[in-house]
Amino acid sequence: MTMRPDPTFHASPKLAMEAPAENFAYTVLLSPDHSRPDALAVIDVKRGSPTYSKIVHTVTMPNTGDEFHHFGWNACSSALSPLAGHAFLERRYLIIPGMRSSRIYIIDTKPDPTQAKIHKIIEPEEVFKKTGYSRPHTIHCGPEGIYVSTLGGGGKDGTDGPPGIFIMDCETFEVLGRWEIDRGSQTKHYDFWWNLPRDYMVSSEWALPPQFENGIVPEDLLSNKYGHRLHFWDLRARRNVQTIDLGANHQMALEVRPAHDPVREYGFVGVVVDTTNLEGSIWTWWREGGKFHIEKTATIPPEPAPKDKLPPLLQGFGAVPPLVTDIDLSMDDRFLYVSCWGTGEMRQYDVSDPRKPKLAGSVRIGGIVSRAPHPNGQAFAGGPQMVEISRDGKRVYWTNSLYSTWDDQFYPQGIPGAEVMAIAGPNGGLELAKDFWVGLPDGYRAHQIRLDGGDCSTDSFCYPSV
Amino acid sequence: MSAADWTPAWLWLAVIASGLYHGINPGMGWPLAVSAGLMQRTPRALLGALGPLAIGHLLAMLLVILPFAMLIALVEWQRPIRIAASLLVIAFGIYRLVDRRHPRALARIPPTQLGLWSFTVAIAHGAALMLLPIYLGLCREADADRGHEAAGALINANFTMALLVSVVHAGAMILAGGCLAWLVYRYLGLKFVSRSWFNLDTVWAASLVLVGAVALVLAS
Chain A
351 MTMRPDPTFH
361 ASPKLAMEAP
371 AENFAYTVLL
381 SPDHSRPDAL
391 AVIDVKRGSP
401 TYSKIVHTVT
411 MPNTGDEFHH
421 FGWNACSSAL
431 SPLAGHAFLE
441 RRYLIIPGMR
451 SSRIYIIDTK
461 PDPTQAKIHK
471 IIEPEEVFKK
481 TGYSRPHTIH
491 CGPEGIYVST
501 LGGGGKDGTD
511 GPPGIFIMDC
521 ETFEVLGRWE
531 IDRGSQTKHY
541 DFWWNLPRDY
551 MVSSEWALPP
561 QFENGIVPED
571 LLSNKYGHRL
581 HFWDLRARRN
591 VQTIDLGANH
601 QMALEVRPAH
611 DPVREYGFVG
621 VVVDTTNLEG
631 SIWTWWREGG
641 KFHIEKTATI
651 PPEPAPKDKL
661 PPLLQGFGAV
671 PPLVTDIDLS
681 MDDRFLYVSC
691 WGTGEMRQYD
701 VSDPRKPKLA
711 GSVRIGGIVS
721 RAPHPNGQAF
731 AGGPQMVEIS
741 RDGKRVYWTN
751 SLYSTWDDQF
761 YPQGIPGAEV
771 MAIAGPNGGL
781 ELAKDFWVGL
791 PDGYRAHQIR
801 LDGGDCSTDS
811 FCYPSV
Chain B
1158 MSAADWTPAW
1168 LWLAVIASGL
1178 YHGINPGMGW
1188 PLAVSAGLMQ
1198 RTPRALLGAL
1208 GPLAIGHLLA
1218 MLLVILPFAM
1228 LIALVEWQRP
1238 IRIAASLLVI
1248 AFGIYRLVDR
1258 RHPRALARIP
1268 PTQLGLWSFT
1278 VAIAHGAALM
1288 LLPIYLGLCR
1298 EADADRGHEA
1308 AGALINANFT
1318 MALLVSVVHA
1328 GAMILAGGCL
1338 AWLVYRYLGL
1348 KFVSRSWFNL
1358 DTVWAASLVL
1368 VGAVALVLAS
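Protein sequences appear in the order of chains A and B.
Per this note's numbering, numbering through the first sequence is continuous, rising by one, with the last residue being 816.
Per this note's numbering, numbering through the second sequence is continuous, rising by one, with the last residue being 1377.
Quick caveat, the hints were computed from the structure, so don't treat them as lab data.
Incorrect hints may appear among the rest.
[As the list claims (entries may be wrong)] Cβ pair distances, simulated, as ranges:
id : chain 1 : residue 1 : chain 2 : residue 2 : range
1  : B       : Leu1223   : A       : Phe478    : 41 to 51 Å
2  : A       : Ile471    : B       : Ile1181   : 38 to 48 Å
3  : A       : Gln465    : B       : Thr1359   : 28 to 38 Å
4  : A       : Gly534    : B       : Pro1165   : 55 to 65 Å
5  : B       : Ile1181   : A       : Arg528    : 31 to 41 Å
[Stated by the list, open to error] Far from chain A, by Cβ distances over 10 Å, these chain B residues were calculated:
id : residue
6  : Pro1165
7  : Trp1234
8  : Leu1245
9  : Ala1248
10 : Trp1274
11 : Glu1298
12 : Ala1307
13 : Cys1336
14 : Phe1355
15 : Leu1367
16 : Leu1375
Bear in mind the structure is a predicted one, so any value in this text is a computation, not a measurement.
No residue lacks a Cβ here, since even glycine has one placed at the ideal position from N, Cα and C.
The shape of chain A in the complex, shown without the other chains (with noise of 0.2 Å):
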């Protein structure tokens, strides 16, 4: 409890993109084969600094096998938010949830991020009794405390019942329970996110626990059985008003990207495959006349290659398909990043109008084929994956692995864990800064980053940026 809001909550967008830059990016390690445990790494960003771009302090997990993946903040700029009438939280906790073990860190970053410590840890079978869910995934900060995305059901493979998502106290942490009143047809989950002041969120999907833990299952996504819906929800009263089935053959539709400025009703979403033609997509979704609708608004095409460049699952396709597994929004709304993994390349659209993206940029590192090196000259194994961009815009980090089985498969030869950070152009364009490159622990992979002080994906807002 404080006096004053947290320096870092921003009532709108604009607020948020003017205040000062990031000092550290936190980012979740994981030991793919589970020989160690997984971590949190604290990486200072502080231009000029003497250990910029250099991991300055490790979290490290008392267990092993969590599989950190996403995670999140206890609060954020949504707790300014005139209905609450109650803005004295402080961001000052990371939740992080292990995907595998269902476990939850929380970690306390204060008083500073070079001492974060875990404050707290949430055993697997809390989250099992008080939800029925399993595996968490997604973390946002909203109107009814901290919202949890869960992968999996109840039972031993998280196939008992639908995944959903559940909320937990963003003060004590406690698990409080399942958030959905009326889930509708929904039964499969992955990424989610809303509208405060218009009142409704977004989810996609994903998909169940068998088809992802031990690996893709290509039987599973050739006969389209990965998750291809969004559903439409009424956040206050937790019910389902409606679903929009993308075709069956986009398999796969993850990341959900709102406009930040409420004002806008409008939004992103990535589809990893098509599984008719291998290109990956982006869709535009509106609210119009009470009603959701999308469209599919860009496409990107695979690329071929010689079968002996491929991994055994790819090789009778000869083709590398795009993959896009992650997409992030600017803070102002005007570029929205795709991560293509397999052919290892970072696009910028410009989505000023956000039914017509226009390519603004790109960059070529890793990819299952061309395995571009870092202008540094160093390898860079995997390809773009988990992206955060600075509140400010200028910047651009990202990650190269996608999920521990699904990397091997990919990416047979290994993904050892890197960070990258490329500079945006005030109009577009987009080049990879040379004298940014965190070389990560032997063994380690790295995942989601989260910005100190919050990012274009973790902070949503009340005010309209006028």
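For chain A, the structure is supplied; the task is to place chain B on it using the hints.
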């Protein structure tokens, strides 16, 4: 004029002051009016939001005060009722001091239900309770002037007083909140929202205890 003659004036001042105090507290809703104006891109939306906020606050006042308007018509019970009301206000203040958690049910009210929101917030935070001892004080002053009238007339007078106190209080509240909302919307900008927001929880709870204690002293 003797000091006693000034008492009603002070009490009316307290009705207005508590209204202004509630009005400038962001927790009572002025940022919602700013948000409405900005989201719909018209100052008329800001003004439009003030209506339901004022009505919600007014109804919350009446809900708490009206039962007492009837109760204190039982003239011989007036003193115990006043003491009980004071203790109730003090107890609620202490409860707010001890339990700092915010009622989670409030988070379920949709942004379109501003009137319901304003009503629930005023009840949950004891805004109406803060007004109760002032109201009871005014009733006593009025009754002292009139002497012992018939119970029916007394209830009527008490009801009129309840309505008057609630309207004046809610009017002052929405005037202060509306002005602040307009200033932020038109001149100060959104930075003011986070900069001006102080944690009033302790002050608020202490205000309840204080108002209750003063009323308790005057009643006994």
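Checked hints:
The hint said 41 to 51 Å for the Cβ distance between leucine 1223 of chain B and phenylalanine 478 of chain A, and at roughly 49 Å that hint holds. Between isoleucine 471 of chain A and isoleucine 1181 of chain B, the C-beta spacing of about 42 Å keeps the proposed range 38 to 48 Å intact. Checked against the hint of 28 to 38 Å, the C-beta distance between glutamine 465 of chain A and threonine 1359 of chain B comes to roughly 29 Å, which is consistent with it. Separated by about 60 Å at the C-beta atoms, glycine 534 of chain A and proline 1165 of chain B satisfy the suggested range of 55 to 65 Å.
For isoleucine 1181 of chain B and arginine 528 of chain A, the hinted distance range of 31 to 41 Å is satisfied, since their beta carbons lie about 39 Å from each other. Taking the minimum C-beta to C-beta distance to chain A, about 33 Å, the non-interface status of proline 1165 of chain B holds against the 10 Å cut. Distance to chain A confirms tryptophan 1234 of chain B as a non-interface residue, since its nearest Cβ pair spans about 37 Å, more than 10 Å. Against the 10 Å criterion, leucine 1245 of chain B stays outside the reach of chain A, whose nearest CB is about 23 Å from its own CB.
No Cβ of chain A approaches the Cβ of alanine 1248 of chain B within 10 Å, the least distance being about 22 Å, so the stated non-interface status holds. With 10 Å as the threshold on Cβ separation, the claim that tryptophan 1274 of chain B sits away from chain A is violated: the shortest Cβ distance comes to roughly 7 Å. Every Cβ of chain A is farther than 10 Å from the Cβ of glutamate 1298 of chain B; the closest lies at roughly 34 Å, confirming the non-interface assignment. At roughly 44 Å from the closest C-beta of chain A, the C-beta of alanine 1307 of chain B stays outside 10 Å, upholding its exclusion from the interface.
Every beta carbon of chain A lies more than 10 Å from that of cysteine 1336 of chain B, the smallest distance being close to 16 Å; the non-interface claim holds. Against the 10 Å criterion, phenylalanine 1355 of chain B falls within the reach of chain A, whose nearest CB is about 6 Å from its own CB. Every CB of chain A lies more than 10 Å from the CB of leucine 1367 of chain B, the least distance being 20 Å, so the non-interface label holds. The beta carbon of leucine 1375 of chain B sits about 31 Å from the closest Cβ of chain A, which is more than 10 Å, so the claim that it is off the interface holds.
Figure legend: structure checked against the earlier numbered hints; hints not met, in rising order: 10, 14.
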